[in-house]
Amino acid sequence: MSDPGRTTPPPRQPEWHLVVPVKAPSVGKSRLARDLDRIGLGADHEEISRALAKDTLAAACRTVGARCVVLVTSDGSAAEEWSAQGVAVVPDPGLGLNAAISLGLAAVTAGSPVAALLGDLPALTPPDLQQALAAAEMHEQSFVPDAGGEGTVMRAAVGGRFRPHFGPGSADLHEEAGATRLGLDLPRLRTDVDDVASLARALRLGVGSATTAAVRGLDLLGWAHAGHGPRL
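One point on numbering: in the UniProt record's numbering, the residue at position 86 of the sequence shown is 86, and numbering is uninterrupted.
Warning: the hint list may mix true and false statements.
To be verified - Label-pair distances were calculated between CB atoms; the ranges are:
no.	residue 1	residue 2	range
1	A110	I39	24 to 30 Å
2	A110	G206	33 to 39 Å
3	R38	H139	39 to 45 Å
4	P126	G149	23 to 29 Å
5	L205	A134	19 to 25 Å
6	N98	R67	22 to 28 Å
Note that these hints are calculated values from the structure, not bench results. None of the values given here were measured: they were computed from a predicted structure. Ideal placement from N, C-alpha and C gives every residue a C-beta, glycine not left out.
Construct the entire structure; sequences and hints are all you get.
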């Protein structure tokens, strides 16, 4: 017989861990660098690349807490900055994106809910990420496709591990591996930045403070609307 004077505590929410791979700015975002050079806006692609990662990591830390974020990177300055904030840092040996994610996954306590998140989501906000993680809690294995539906921005597992298949055609590869596709209406999460067109889309959604500062003075939205890029 239950005690009417006692209340049942709400079920404990799973403590998600997030693995975020970030390339060093000198070697990352090559397509973005080529685009910026081609359109001649005088932008520093390394500064922008660094800012994309900073805004993504900031959103991740505000969502799950810094101690539940694992940064995989070969960028010494980023490693030092985020380690000082409580983020776990795993050195990236430069064997590719999926190898980096796998190293990050290995650093998470076995059995913990874990998600791999791309490091170039400057429009991401904690409410969007929290909504995606809540949806992922309903499935043993899941993923969130990018805006185009072919790539992947987040791959998640509840109480287990997974083999990441990020890269061209990753959405189909993750689905074939048994992960549930989460077609969420979350454009801030699903807009990763690979080139100037996707950067312009992210800017239209609204980006974090680091990316805002990095592109200050560059009229990328004007460039796109003038017919030099895709209509937004």
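Taking the hints in turn, this is what the structure says about them:
1. A110 to I39: 24 to 30 Å: violated (47 Å)
2. A110 to G206: 33 to 39 Å: holds (37 Å)
3. R38 to H139: 39 to 45 Å: holds (41 Å)
4. P126 to G149: 23 to 29 Å: holds (24 Å)
5. L205 to A134: 19 to 25 Å: holds (21 Å)
6. N98 to R67: 22 to 28 Å: holds (25 Å)
The structure fails to meet hint 1 from the earlier list, while all remaining hints are met.
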